[in-house]
Amino acid sequence: MNFRKSILGAIALGAASLMSSTASAADIPCNTAKLIVPWAPGGGTHIIFSIFEEIMNKQDGPKIQVVTISGQGGNKGAKEAKKAKADGCTLFAIHQSAIVSFLAGRVDFTWDAFDMVAQVTSTPEVIGASADAPWSDFKAMIADAKANPDTIPLGATLGSTSQFMWLLIEDLNPGAKLKYIPFDGTKQRVTALLAGTIKLGTVNIPTAEKNVSQGTLKAYAVASSERLPQFPDVPTLKELGTDMTYSLDRGIVAPKGTPADVIEMWSQKIKAAAESPELLAKLKAKGTPVSWVGPEGYATWFKKEYAAHEKVAIKIGMFKK
1 MNFRKSILGA
11 IALGAASLMS
21 STASAADIPC
31 NTAKLIVPWA
41 PGGGTHIIFS
51 IFEEIMNKQD
61 GPKIQVVTIS
71 GQGGNKGAKE
81 AKKAKADGCT
91 LFAIHQSAIV
101 SFLAGRVDFT
111 WDAFDMVAQV
121 TSTPEVIGAS
131 ADAPWSDFKA
141 MIADAKANPD
151 TIPLGATLGS
161 TSQFMWLLIE
171 DLNPGAKLKY
181 IPFDGTKQRV
191 TALLAGTIKL
201 GTVNIPTAEK
211 NVSQGTLKAY
221 AVASSERLPQ
231 FPDVPTLKEL
241 GTDMTYSLDR
251 GIVAPKGTPA
261 DVIEMWSQKI
271 KAAAESPELL
281 AKLKAKGTPV
291 SWVGPEGYAT
301 WFKKEYAAHE
311 KVAIKIGMFK
321 K
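Quick note on my numbering: the sequence shown kicks off at 1 and runs consecutively.
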């Protein structure tokens, strides 16, 4: 019996080694793949994937290079990635913006125009306000948005998650209407928020943590299921009567038709980076939890996420099926 177990174990180990070898030996016609980040340098997505680039490029085999193609609220880079050759030499950084842009009618394709590679992070949003914002808290701001609709300047990338989250807040607070001021990326929006040009906007955890401590920004709420350790005194939206959570869930996809062994190779290289203590420490410092999910699970997640977004988009009149 022990001999049989040993033989079976050896066979299983050999099969696993073969799969690992096959994944690592996938043939692509380049030494370095381009990872398109469709937002400007300095934003949260660019910073996160630059850290992945640094860690992944310490591995053996093909490397990656982050290339920013900003414009059109992330859609310029998405179009570029969609039409790229499906040979493993182009990857694309994606999150829920791919869903919202489609539902808003800004592009005619969404997440399933790509092949899934891996989901990597999930970052809850912070409801930020300028230092000179006149409201004492979130509820006071909502009351003003009801009493004086379309007057409070809010920064958002139109047709992106930074707008969709506020549309959800408006929907859950009937009568509240904000004045949307368009920005192409996070960096520009945060700069305007800190300058007081706009009064509201979503911000990532490190930006909020730094500026709240300096008194250059107010944090009204967090869109997580529980209070964040960085902001133990800042309530969740649910605590304030707005029953929702919202986070940016980032991942990597490839042009449709990329060979399965190439997808597996990149997925495993990303997984190895996601398990690296160095990467985990760097992203923890950015307030970004890491959660790797492979191609199949990522596709399942995106399908559910799309259905949830579509339901709300239809309800608020953004999307008509």
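Hint data in this document are derived by calculation from the structure and do not stem from the laboratory.
Hints are not guaranteed to be accurate.
[As the list claims (entries may be wrong)] Listed next, the in silico SDA-like pairs over lysine to any residue satisfying Cα-Cα at most 20 Å (straight line): (1) Lys256 x Ile28; (2) Lys284 x Pro229; (3) Lys63 x Ala84; (4) Lys311 x Ala104; (5) Lys320 x Glu310; (6) Lys146 x Lys187; (7) Lys315 x Thr300; (8) Lys286 x Ser50; (9) Lys303 x Pro232; (10) Lys83 x Ser122; (11) Lys286 x Thr216; (12) Lys238 x Ser122; (13) Lys63 x Ser122; (14) Lys210 x Leu228; (15) Lys256 x Ser122; (16) Lys58 x Gln268; (17) Lys311 x Lys146; (18) Lys282 x Gly42; (19) Lys34 x Arg106; (20) Lys210 x Lys303; (21) Lys271 x Ala260; (22) Lys238 x Glu170; (23) Lys187 x Lys286; (24) Lys34 x Lys271.
[Unchecked claim] Beta-carbon label-pair distances, calculated as ranges: (25) Gly317 x Ser213: 14 to 24 Å; (26) Gln214 x Lys238: 23 to 33 Å; (27) Asp150 x Gln59: 49 to 59 Å; (28) Asp60 x Lys321: 16 to 26 Å; (29) Pro229 x Glu53: 24 to 34 Å; (30) Lys284 x Pro149: 38 to 48 Å; (31) Leu172 x Pro229: 23 to 33 Å; (32) Ile314 x Ala260: 44 to 54 Å; (33) Lys179 x Asp60: 48 to 58 Å; (34) Glu296 x Thr151: 46 to 56 Å; (35) Lys76 x Asp171: 41 to 51 Å; (36) Gly297 x Gly317: 15 to 25 Å; (37) Lys63 x Lys321: 36 to 46 Å; (38) Ser213 x Asn31: 25 to 35 Å.
Quick reminder that beta carbons are idealized off the backbone N, C-alpha and C, glycines included.
A quick look at each hint next to the structure:
1. Lys256 x Ile28: holds (15 Å)
2. Lys284 x Pro229: Holds, at about 12 Å.
3. Lys63 x Ala84: holds (18 Å)
4. Lys311 x Ala104: holds (13 Å)
5. Lys320 x Glu310: With a Cα-Cα distance of about 9 Å, the restraint between Lys320 and Glu310 holds, given a limit of 20 Å.
6. Lys146 x Lys187: violated (29 Å)
7. Lys315 x Thr300: Not satisfied, since the Cα-Cα distance of roughly 23 Å exceeds 20 Å.
8. Lys286 x Ser50: Judged against 20 Å, a Cα distance of about 12 Å means the pair holds.
9. Lys303 x Pro232: violated (33 Å)
10. Lys83 x Ser122: violated (27 Å)
11. Lys286 x Thr216: holds (19 Å)
12. Lys238 x Ser122: Measuring from Cα to Cα gives roughly 19 Å; hence the hint holds.
13. Lys63 x Ser122: With a Cα-Cα distance of about 24 Å, the restraint between Lys63 and Ser122 is violated, given a limit of 20 Å.
14. Lys210 x Leu228: holds (15 Å)
15. Lys256 x Ser122: Given that 20 Å is the threshold and the Cα spacing comes to 24 Å, the pair is violated.
16. Lys58 x Gln268: holds (14 Å)
17. Lys311 x Lys146: Violated, because 24 Å separates the two Cα atoms, which is more than 20 Å.
18. Lys282 x Gly42: holds (16 Å)
19. Lys34 x Arg106: violated (25 Å)
20. Lys210 x Lys303: violated (35 Å)
21. Lys271 x Ala260: holds (16 Å)
22. Lys238 x Glu170: holds (14 Å)
23. Lys187 x Lys286: holds (15 Å)
24. Lys34 x Lys271: holds (18 Å)
25. Gly317 x Ser213: 14 to 24 Å: violated (40 Å)
26. Gln214 x Lys238: 23 to 33 Å: holds (28 Å)
27. Asp150 x Gln59: 49 to 59 Å: The hint (49 to 59 Å, Cβ to Cβ) holds, given that Asp150 and Gln59 are roughly 51 Å apart.
28. Asp60 x Lys321: 16 to 26 Å: violated (47 Å)
29. Pro229 x Glu53: 24 to 34 Å: Between Pro229 and Glu53, where Cβ atoms are some 27 Å apart, the hint holds.
30. Lys284 x Pro149: 38 to 48 Å: Because 40 Å falls inside the window, the suggested range holds.
31. Leu172 x Pro229: 23 to 33 Å: holds (26 Å)
32. Ile314 x Ala260: 44 to 54 Å: violated (34 Å)
33. Lys179 x Asp60: 48 to 58 Å: holds (52 Å)
34. Glu296 x Thr151: 46 to 56 Å: Taking Cβ atoms as reference, Glu296 and Thr151 lie about 47 Å apart, which means the hint holds.
35. Lys76 x Asp171: 41 to 51 Å: Violated: the Cβ-Cβ distance is about 29 Å, outside 41 to 51 Å.
36. Gly297 x Gly317: 15 to 25 Å: Given a distance of about 32 Å, which is not inside 15 to 25 Å, the answer is violated.
37. Lys63 x Lys321: 36 to 46 Å: holds (43 Å)
38. Ser213 x Asn31: 25 to 35 Å: Distance hint for Ser213, Asn31 is violated at roughly 43 Å.
Violated hints, listed in ascending order, are 6, 7, 9, 10, 13, 15, 17, 19, 20, 25, 28, 32, 35, 36, 38; each of the other numbered hints is respected by the structure.
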